Structures are given as C-alpha cells and as structure tokens.
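Asker: If you want the building blocks of each chain, they are given just below.
There are 2 protein chains.
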Amino acid sequence: MGLREENKSRRMARVMSSIRLFLARNPIEDLMMDGIAAASRISVGTLYNYYGSKEMMLVAYCRDRMQECFAAARRLVENPPESAEAAYFELLSIYLRGFGALERPLVGSMIRILIVNQARGTGVAGFQRNAFDQLRVLTRKLKDSGTLPTSAREDSIAFVLFGICSDLLFQFSLCNEVDIETQVSRLGQCINLIYTGLAAREDTPPNLRGTNT
Amino acid sequence: MGLREENKSRRMARVMSSIRLFLARNPIEDLMMDGIAAASRISVGTLYNYYGSKEMMLVAYCRDRMQECFAAARRLVENPPESAEAAYFELLSIYLRGFGALERPLVGSMIRILIVNQARGTGVAGFQRNAFDQLRVLTRKLKDSGTLPTSAREDSIAFVLFGICSDLLFQFSLCNEVDIETQVSRLGQCINLIYTGLAAREDTPPNLRGTNT
Chain A
1 MGLREENKSR RMARVMSSIR LFLARNPIED LMMDGIAAAS RISVGTLYNY YGSKEMMLVA
61 YCRDRMQECF AAARRLVENP PESAEAAYFE LLSIYLRGFG ALERPLVGSM IRILIVNQAR
121 GTGVAGFQRN AFDQLRVLTR KLKDSGTLPT SAREDSIAFV LFGICSDLLF QFSLCNEVDI
181 ETQVSRLGQC INLIYTGLAA REDTPPNLRG TNT
Chain B
1 MGLREENKSR RMARVMSSIR LFLARNPIED LMMDGIAAAS RISVGTLYNY YGSKEMMLVA
61 YCRDRMQECF AAARRLVENP PESAEAAYFE LLSIYLRGFG ALERPLVGSM IRILIVNQAR
121 GTGVAGFQRN AFDQLRVLTR KLKDSGTLPT SAREDSIAFV LFGICSDLLF QFSLCNEVDI
181 ETQVSRLGQC INLIYTGLAA REDTPPNLRG TNT
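Top to bottom, those sequences are chains A and B.
Residue numbers for the first sequence follow the working numbering, beginning at 1 and rising by one.
Residue numbers for the second sequence follow the working numbering, beginning at 1 and rising by one.
Don't read these hints as lab results, they were simulated from the structure.
In this text the structure is predicted, and so the values were computed from the model without any measurement.
C-beta: ideal position from N, C-alpha, C; glycine also.
You may find that some hints are simply not true.
Negatives, chain B to chain A, calculated, CB over 10 angstroms [stated by the list, open to error]: (1) S40; (2) Y50; (3) R63; (4) R75; (5) A86; (6) Q118; (7) V137; (8) R140; (9) R153; (10) E181; (11) G197.
List time: in silico DMTMM-like cross-link candidates among lysine to aspartate or glutamate, alpha-carbon distance up to 25 angstroms [said to hold, decoys possible]: (12) B:K141 to B:E82; (13) B:K54 to A:E177; (14) B:K141 to B:E154; (15) A:K54 to B:E29; (16) B:K54 to A:D144; (17) B:K54 to A:D30; (18) B:K54 to B:D64; (19) A:K54 to B:D30; (20) A:K54 to B:E177.
Residues from chain B that keep clear of chain A, each with C-beta distances beyond 12 angstroms, as calculated [as the list claims (entries may be wrong)]: (21) R10; (22) R14; (23) S17; (24) M57; (25) R186; (26) I191.
Can you make the complete structure from the sequences, with help from the hints?
Answerer: Right under this line is the structure:
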C-alpha cells in the first residue's frame, strides 16, 4: 500500500469511529456530513469523495461493523449443514445477530436502503447481494446433495426468506422491547413452516418429504 | 343520531377530506395537526380530542379510505375458496390492493405503525388485528374442511404471511417504480412456495399433500 492509500485508509478508519461515537450519543437523524468530517479531521469534500453520499457512508459503516458476520456467513455457505432447514436458519440467524449488534435506529435505515435496492434489482455489496447469492448457492448445494428436490426455486426461496428477515429486523429496529434473540427464534419458526409447507400432513411418510429433521 | 353526534361526524368527514387534499399536494412529513384543524374549520384541541394523536388520525384516515377493502375481506372470510392457497392469496391481495390505492408515503407510515403494534401484541383495529383474526379464522375453516391438516399452526401462518405482506408493501411505498400488481403477483409466488413447502417433491403423490391445485 502506498503512502496515499495508507493515508486514505487511516482517514476512513477515523470516519468509522466518528460515526460510532456520534451514534452512541445522538439520534441518527442528527448525523450530518459536515459534523462527521470535522470529527474525523477531513474536509466535507473528501468525505463525499470517499463515500458518495451519507447513505453510502452509513452502508460502509454497517459493512465495517459486520465484517465478522460476513465472514461467518461465507464459512457457512462453504460448508453448510446437511439439513436444508438448519442451513437456511443458520445463515440467516448470522445476519440477524450481526444487525442486532448495531445501533437500533441504524438497523431501520439499513433495512429501508436494502429493501429499495432489492426492489430495484440493484443489491448493496456485502448485504443482500451477498445474502441473495448465498441463499442461491445454498439452495443449489442442497439440491445437488439431494436434500432439496430439483424443483426447489432458488429465487422464490431467497425472496420469501429476505421478506421475513426484513420484517423481523424492522420490528427489532422499531420496538426497543423486542430483542434480537426473540427475532432469531421467530425466524426458526418461520423457516420450519416454510420448510414443511402448509399442506404437510403429519401422516406423510418421511421418505417422501426429504430429510425433515 | 343526536345533533351533537351529527356535528361530530360532519366535522370528522371534513378532517378526512382535508387530509386527502393535503396529501395530494404535499409530502406526509409536512402534515401538521394545526394545518389540518384550520383546513377543517375546527380547533386543534377538538382534533386531538377526536383522534388522540397525529398517528391515530392517519390510521383513521386509512381505515376510512379502505372501508370497501375491509368489507371485501370480511366477505371472503365468510365464504372462502376451497383451496388454502387461493384463500390466503385472495384475502391478502385484497389488503395489498387496498393499500395500493392510498398515497405511497402514507403506506410506509402505516406499515411502520402496524409493525410496531404487531410486535407489541397490540393490534390496530381494522388493520392487522382484523387481518390476523381473519387469517386464524381462515386457517381454522380450512382445517375443518380437511383442506389443511389439523397440525397447521394458525399463529405461525399469520406471522409469516404478515411478514411477507409488510415487506411487499414497504417495497411499494419506498419505490415509485414498483406497482401494486407486481407485488400481488409476488405474493402469489410466495404463498405458493409456503403452501407447497421447500421439501415438496414433484413425485409426491397428490393425495398425500392436501388439495394442491
């Protein structure tokens, strides 16, 4: 890394800590680019030059805070559990807990950004573009191993699971009394329902229903 | 109805049209109680006396605009289609289209209010308290008629379907390029996936899977 890049990366690290310090004491609505620039000892122009917009700066901040969560998600997709139900649950609970460690109001803003981008078909790198790709890769692997039938539809599965996670995260961000572990357990119930299907009958022989663990 | 009640109901009708006129020309963030009171020729105190808060006034406005949608939903639950997939799809597409006829930014505010209330277990009368009850009634009827197995879980089904509809409505409210019919057809795909279940195999004999139409 040259001196120029080193300087840039040092300054960007300062921006990340300025945001964290700011959000620890202030509502997200009060966060302004000039305040963050001043606290990070750079010009507002440099700040825009680095991130493009306040929105993308906040996305970069979340991505930075969620690095470990992204790494854990990648490892899971590399080497998923054999059961489809466990695979989806473990992947998505990593993301829920990753968001759960962020400032609550920030989670609401991020989900709005992710929903807009998902609806426009322009994923946000590191978030749902990855999560969507990961859900697709997971579904393909589960089909290849015979755990899911070849008829399983990768895009519908990703869409339904993304919708449920958005809703669980919105509840989390809007209600202080809802904690992230409650949302993780609700996710488990939802995935179980989707895995089994409404029409699943208790008397259906297990060998006709995949590995329903 | 006494003169007093008549006056009140006339004034409330004026409030509803003032809100509609206001939202036709202005962003929802600019809506203020004193402006709506003045436009409706009543005092701010009377306005608060009628609705309690700006939030509940907006809920009342949506409820008023969605009266036909609520009536259609009640009729459907009275006399549901035989197929579970069709029953859930028809009920929820009535609500999606009802919201789709409202001002887009208002839909986002309403969904936030409904999500908070759902997470707190305090439904908003006329919205999800009804929709939730209706989903439960529908599920019970479908179980009684043998369309769904007795093991079908009313609350999980309501929770998953509510989550998907919230997400579809958030996309609608946040993205002008997404129209409500796109969301209705996505709802159909999601319900089909949930109906069938991830583990459904094409080679599963139909008689073991309920009336999968």
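Asker: Against the structure, test the hints numbered earlier, and report the numbers of the ones violated in rising order.
Answerer: 6, 9, 11, 16, 25, 26
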